[in-house]
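Protein chains in written order, with our numbering: chain A, 8 to 93; chain B, 185 to 378.
These aren't lab readings, by the way, just hints derived from the structure by calculation. Each hint should be verified, as a subset may be incorrect.
Unchecked claim - Taking CB as the label site, the calculated pair distances span:
no., chain 1, residue 1, chain 2, residue 2, range
1, B, A221, A, R11, 15 to 23 Å
2, A, R12, B, A214, 26 to 34 Å
3, A, R12, B, A344, 43 to 51 Å
4, A, R11, B, N309, 43 to 51 Å
Stated by the list, open to error - Facing chain A, from chain B, some residues (calculated, C-beta under 8 Å):
no., residue
5, P198
6, A214
7, G216
8, Y296
9, I332
10, H361
11, L365
12, F371
As the list claims (entries may be wrong) - Which chain B residues stay away from chain A? Per the calculated CB distances, all over 10 Å, these:
no., residue
13, P199
14, D201
15, W205
16, N234
17, T239
18, R242
19, T254
20, A269
21, T310
22, L316
23, S317
24, K339
25, R341
26, P347
27, P372
Because the structure is a prediction, the values reported are computed rather than measured. Backbone N, C-alpha and C define an ideal beta-carbon position, used for all residues, glycine too.
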Amino acid sequence: MDIRRLNTVWVILMLATGATWEVGEQGFAGQLAMALLLILSFVKGRLVVLDFMGLRHAGPLWRGLLIGWLLLVSALIAIAYRIAQA
Amino acid sequence: MAELTHPTHRSSAPPGDLAIWVFILAELLAFGVFFAAYAFGRAHNVALFNEMQATLDRQAGAINTVLLITASACVARAVEAVGRARQVSGARWLLAGILCGGGFLIVKGAEYAEKFAAGINLSTNTFYMFYLSLTFFHFMHVILGLVILIALWFKTRQGAYGPADMNGIESGAAYWHMVDLVWIVLFPLVYVMR
C-alpha cells in the first residue's frame, strides 16, 4: 500500500459521499436515483475492500467474497425497490 | 492447474489472521440479511418509509459517513506506517482514527437523543423499528471496533507490531474497515434512497 494511493482513495470516497448527499438534497427519487446511489455505494465499498482492507493483492477468494457481498446486497436492494415501484 | 502443484503463496492470503476474515464474513452476512429485510419491508410500506425517512437527520448521517471513512483511511495509514517500521507515526494515525470513530458515536448519540426526546421508540412504526435496530446493531459494532483500535494503539506504542509482525494490527484494521464498509451501504439505503 502506498500513501498516495490511500490518499487518492480517501478523496474519491469523500467525493462519492458528497454525491450521495447531493442526491438526498435534491430530493431525487425513483429507479434512476436508486441505481445512482447503488453505483456510488458499490464504487465506495469496492475501494474500501481493495485498498483499505488490502485485498487488491490477496487471492481471488476473499476479494471475490467481499465484492460478491456488495453485489448481492445491491441486487437485493434493487429488486426490493423495483417491487415497491411496481 | 499450476495452483494444484504449488503451495498457496503467502501473498495470496488476505492481510491479518484468517479467523478475522471468517468473522468479518459472518458479520457481513448478518448485516446483509438486515439490509434485505429493510428493503423488502419498505416495499410493503413505501409511503410510510418515505415519510419517515424525511424525519431523519441526513446531515448527521453524511457527517458520520465522512467520520467513518476518514477513520478507515487513518487506520490504513497506520498499517502502512507500521509496515515501514514507523511505529510512532502508526500510533498517531491510530489515535486519529480513534478520534474520528469517537466522533461518530457522539453524532449518532445526539441523533438518538433527539429521536428519543421526540418520543420515538422501536414500536413507533415499522420504519423506526428497522431504523433503530439496524443503526443500533451497527453502533455496537463501532464500539467494538473502537475497543480494538484502542488496543492496537496501546500495543503499537509499546512497539508490539513491526514489518515482521503485522498480523495483529492487520486483523484489527480489517475489522474496522468492515464497520466502515457496512455504513457505506447503510447511509444511502436508510437516509437517502426513496
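Going through the hints against the structure:
1. At about 40 Å, the beta-carbon gap between A221 (chain B) and R11 (chain A) misses the expected band of 15 to 23 Å.
2. For R12 (chain A) paired with A214 (chain B), a C-beta distance near 31 Å keeps the hint of 26 to 34 Å intact.
3. For the hinted restraint 43 to 51 Å between R12 (chain A) and A344 (chain B), the CB-CB distance of approximately 26 Å leaves it violated.
4. In this structure, R11 (chain A) and N309 (chain B) meet the distance hint of 43 to 51 Å, their C-beta atoms being roughly 48 Å apart.
5. At a threshold of 8 Å, the smallest CB-CB gap from P198 (chain B) to chain A is about 4 Å, leaving the interface hint in force.
6. Below 8 Å, beta-carbon pairs count as interface contacts, and A214 (chain B) has none with chain A, the closest being about 11 Å; its hint is therefore violated.
7. At a threshold of 8 Å, the smallest CB-CB gap from G216 (chain B) to chain A is about 5 Å, leaving the interface hint in force.
8. The interface hint given for Y296 (chain B) is broken, as the beta carbon of that residue sits about 20 Å from the closest beta carbon of chain A, more than 8 Å.
9. The interface hint given for I332 (chain B) is broken, as the beta carbon of that residue sits about 15 Å from the closest beta carbon of chain A, more than 8 Å.
10. Restraint check, H361 (chain B) versus chain A: the minimum CB separation of about 5 Å is within 8 Å; hint holds.
11. With its C-beta approaching chain A no nearer than about 5 Å, L365 (chain B) sits inside the 8 Å limit, and its interface hint holds.
12. For F371 (chain B), the interface hint holds, since its Cβ comes within 8 Å of a Cβ in chain A; the closest pair sits about 7 Å apart.
13. Annotated as non-interface, P199 (chain B) brings its C-beta within 10 Å of a C-beta of chain A; the closest such distance is 4 Å.
14. Against chain A, the non-interface label of D201 (chain B) holds: every CB pair exceeds 10 Å, the least being about 12 Å.
15. For W205 (chain B), the non-interface assignment is contradicted: its Cβ lies about 6 Å from the closest Cβ of chain A, within the 10 Å cut-off.
16. Here N234 (chain B) does not stay apart from chain A, with its beta-carbon only about 8 Å from theirs, under the 10 Å limit.
17. Distance check for T239 (chain B) against chain A: the nearest CB is about 13 Å away, which clears 10 Å, and the non-interface claim stands.
18. Non-interface call for R242 (chain B) relative to chain A: violated, since the shortest CB-CB distance, roughly 5 Å, does not exceed 10 Å.
19. Residue placement check: T254 (chain B) does not keep its beta carbon more than 10 Å from all beta carbons of chain A (closest about 7 Å).
20. Every CB of chain A is more than 10 Å from the CB of A269 (chain B) (nearest about 15 Å), matching its label as outside the interface.
21. For T310 (chain B), the requirement that its beta carbon stay farther than 10 Å from each beta carbon of chain A is met, with the minimum near 13 Å.
22. Distance check on L316 (chain B): its Cβ is at least 20 Å (rounded) from any Cβ of chain A, clearing the 10 Å threshold; non-interface status holds.
23. The beta carbon of S317 (chain B) sits about 17 Å from the closest Cβ of chain A, which is more than 10 Å, so the claim that it is off the interface holds.
24. Non-interface status of K339 (chain B) relative to chain A is upheld: no Cβ of that chain comes within 10 Å, the nearest being about 19 Å off.
25. Against the 10 Å criterion, R341 (chain B) stays outside the reach of chain A, whose nearest CB is about 21 Å from its own CB.
26. Against the 10 Å criterion, P347 (chain B) stays outside the reach of chain A, whose nearest CB is about 13 Å from its own CB.
27. A beta-carbon of chain A is positioned within 10 Å of the beta-carbon of P372 (chain B); the least distance is around 4 Å.
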